[in-house]
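Student: Start from the sequences, fold in the hints, and give me the full structure.
The primary structure of each chain is shown beneath.
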Amino acid sequence: MAKSAKLRSVQADGGEECKLDLSPMIDMVFLLLIFFLVSATLIVVKIDNKVTPADASASEIAKDGNGRIVVNVREGGIFTDLNGKVLSGEDDIKEWVRLEKAKVDLLGKTPKLHLRGDKEAIFADSRKAIRAAAAEGVINVVFSVYKVK
Amino acid sequence: MARRKRTEAPEEDEPALDISSLIDVTFLLLIYFIVTTTLQKKETDLNMNLPGKAPVETQLDIPPMFIKLNNAGAVYVGTGAAEQLMDSDINVRDLPNLKSQLQLYKDASAATQSTPLVQVYVEDEARQQRVIDVINALAATGIKSITFTDLVK
Numbered sequence: 001m002a003k004s005a006k007l008r009s010v011q012a013d014g015g016e017e018c019k020l021d022l023s024p025m026i027d028m029v030f031l032l033l034i035f036f037l038v039s040a041t042l043i044v045v046k047i048d049n050k051v052t053p054a055d056a057s058a059s060e061i062a063k064d065g066n067g068r069i070v071v072n073v074r075e076g077g078i079f080t081d082l083n084g085k086v087l088s089g090e091d092d093i094k095e096w097v098r099l100e101k102a103k104v105d106l107l108g109k110t111p112k113l114h115l116r117g118d119k120e121a122i123f124a125d126s127r128k129a130i131r132a133a134a135a136e137g138v139i140n141v142v143f144s145v146y147k148v149k
Numbered sequence: 001m002a003r004r005k006r007t008e009a010p011e012e013d014e015p016a017l018d019i020s021s022l023i024d025v026t027f028l029l030l031i032y033f034i035v036t037t038t039l040q041k042k043e044t045d046l047n048m049n050l051p052g053k054a055p056v057e058t059q060l061d062i063p064p065m066f067i068k069l070n071n072a073g074a075v076y077v078g079t080g081a082a083e084q085l086m087d088s089d090i091n092v093r094d095l096p097n098l099k100s101q102l103q104l105y106k107d108a109s110a111a112t113q114s115t116p117l118v119q120v121y122v123e124d125e126a127r128q129q130r131v132i133d134v135i136n137a138l139a140a141t142g143i144k145s146i147t148f149t150d151l152v153k
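Chain order of the listed sequences is V and L.
For reference, each letter of the first sequence is one residue, going 1 to 149 in this note's numbering.
For reference, each letter of the second sequence is one residue, going 1 to 153 in this note's numbering.
Treat the hints with caution; some may be incorrect.
Computed cross-link-like contacts, DSS-like style, restricted to lysine-lysine with a CA-CA straight-line distance of at most 25 Å [to be verified]:
hint, chain 1, residue 1, chain 2, residue 2
1, V, 50, L, 42
2, L, 42, V, 63
3, V, 103, L, 99
4, V, 149, L, 99
5, V, 149, L, 42
6, V, 63, V, 119
7, V, 128, L, 106
8, V, 85, V, 50
9, L, 106, L, 144
10, L, 42, L, 144
11, L, 144, V, 109
12, V, 119, L, 106
13, L, 42, V, 46
14, V, 149, L, 106
15, V, 19, L, 99
16, L, 41, V, 149
17, L, 41, V, 147
18, L, 42, V, 85
19, L, 41, V, 50
20, L, 99, V, 147
21, V, 50, V, 109
22, V, 46, L, 106
23, L, 41, V, 119
24, V, 101, L, 144
25, L, 99, V, 119
26, V, 149, V, 85
Read the hints as simulated data drawn from the structure, not as lab findings.
Tutor: This is the structure in structure tokens:
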């Protein structure tokens, strides 16, 4: 098919390749990346996925993770530490709290028990953890909960 | 010489950076983050100060408030003959009667310029959620120092 005069005149000047301007796309992608980075929240403590904390409305957003000695209380009375290691009883909890408290004391922070109790766990188990921590001199307790309106 | 001049001719074009690979990498990163991200409910704190013993050395202007939570999730205030049932429905998580009682107690403490002291007794089989409901009511009233009486030996 014969080319029109207009098409010929357009193609005549050097025959440059048609290019797509990608800069707005890069802008958008970077914008998305920055959004995800900014909206991501820092994890205060490592969590045990087998624990579903209770709900509360008067809770506060965790300000920092310093000085927290994490004890998870699963449904069924299984205790785990921050690293997921099972603590077999009050003596193990005391040992864990003692070691962690020594680290916190070295940093000059106030130690506090970060109790992640499953909402279906019985309080007798949580009490064991609180009692063990109190025996080691940790009386500040942070109950980990989900915020509800 | 003439041949040399011909080979130099393409250098007259403007230098351009090929950014398509950069876009590839960026998209790859973006897709990786989107795929690997798991939305997790954010956990918050209910801070409480749990002294092991009630401060018996200091003379209290008003007696400490006693809260009892039984295995069924019913909440009582007071001891002995003065024991009063506050909230018994475990589906009512807000504990409105307990909250109003706590508010009265806090106001009385403020009037005598003393620190409100609450003692909580929880039966062994009570659920963690119900205990948190009670602690939540305390926190909502502004009482941050409680004693679990069953911890004091």
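Student: Each hint: holds or not?
Tutor: Evaluation of the provided hints:
As the CA atoms of residue 50(V) and residue 42(L) are separated by approximately 15 Å, the hinted pair is consistent with the 25 Å bound. About 13 Å separates the Cα atoms of residue 42(L) and residue 63(V), which keeps this hinted pair within 25 Å; it holds. Only pairs whose Cα atoms come within 25 Å are accepted, and residue 103(V) paired with residue 99(L) is rejected, the gap being roughly 39 Å. Between residue 149(V) and residue 99(L) the alpha-carbon distance is near 16 Å, which keeps this suggested pair within the 25 Å criterion.
Proposed proximity of residue 149(V) and residue 42(L) is supported: the alpha carbons are some 13 Å apart, at most 25 Å. With a CA separation close to 23 Å, the supplied pair residue 63(V) and residue 119(V) stays within the 25 Å bound. This hinted pair does not check out: residue 128(V) and residue 106(L) have alpha carbons roughly 29 Å apart, beyond 25 Å. Between the alpha carbons of residue 85(V) and residue 50(V) the distance comes to roughly 13 Å, so the proposed pair stays at or under 25 Å and holds.
Restraint check for residue 106(L) and residue 144(L): satisfied, since their Cα atoms lie roughly 11 Å apart, inside the 25 Å limit. Between residue 42(L) and residue 144(L) the CA atoms are separated by roughly 22 Å; this keeps the pair inside 25 Å, and the hint holds. About 20 Å separates the Cα atoms of residue 144(L) and residue 109(V), which keeps this hinted pair within 25 Å; it holds. Simply put, residue 119(V) and residue 106(L) have alpha-carbon atoms about 28 Å apart, too far for the 25 Å limit, and the pair is violated.
Between residue 42(L) and residue 46(V) the CA atoms are separated by roughly 12 Å; this keeps the pair inside 25 Å, and the hint holds. Between the alpha carbons of residue 149(V) and residue 106(L) the distance comes to roughly 24 Å, so the proposed pair stays at or under 25 Å and holds. As the CA atoms of residue 19(V) and residue 99(L) are separated by approximately 69 Å, the hinted pair breaks the 25 Å bound. Between residue 41(L) and residue 149(V) the CA atoms are separated by roughly 14 Å; this keeps the pair inside 25 Å, and the hint holds.
Between residue 41(L) and residue 147(V) the CA atoms are separated by roughly 9 Å; this keeps the pair inside 25 Å, and the hint holds. Proposed proximity of residue 42(L) and residue 85(V) is supported: the alpha carbons are some 23 Å apart, at most 25 Å. A hinted pair counts as satisfied when its Cα atoms are at most 25 Å apart, and residue 41(L) with residue 50(V) qualifies at roughly 14 Å. Distance check on the hinted pair: residue 99(L) and residue 147(V) sit about 18 Å apart at the alpha-carbon level, within 25 Å; holds.
At most 25 Å may separate the alpha-carbon atoms for a hinted pair to count; residue 50(V) and residue 109(V) exceed this at roughly 29 Å. Proposed proximity of residue 46(V) and residue 106(L) is contradicted: the alpha carbons are some 36 Å apart, above 25 Å. For the given pair, residue 41(L) sits about 15 Å from residue 119(V) by alpha-carbon distance, which is consistent with the 25 Å threshold. With a CA separation close to 22 Å, the supplied pair residue 101(V) and residue 144(L) stays within the 25 Å bound.
Under the criterion of a C-alpha separation no larger than 25 Å, the hint pairing residue 99(L) with residue 119(V) is consistent with the structure, at around 21 Å. Taking the CA atoms of residue 149(V) and residue 85(V), the gap is near 34 Å; set against the 25 Å cutoff, the hint is violated.
The structure fails hints 3, 7, 12, 15, 21, 22 and 26 (numbered hints given earlier, in ascending order).
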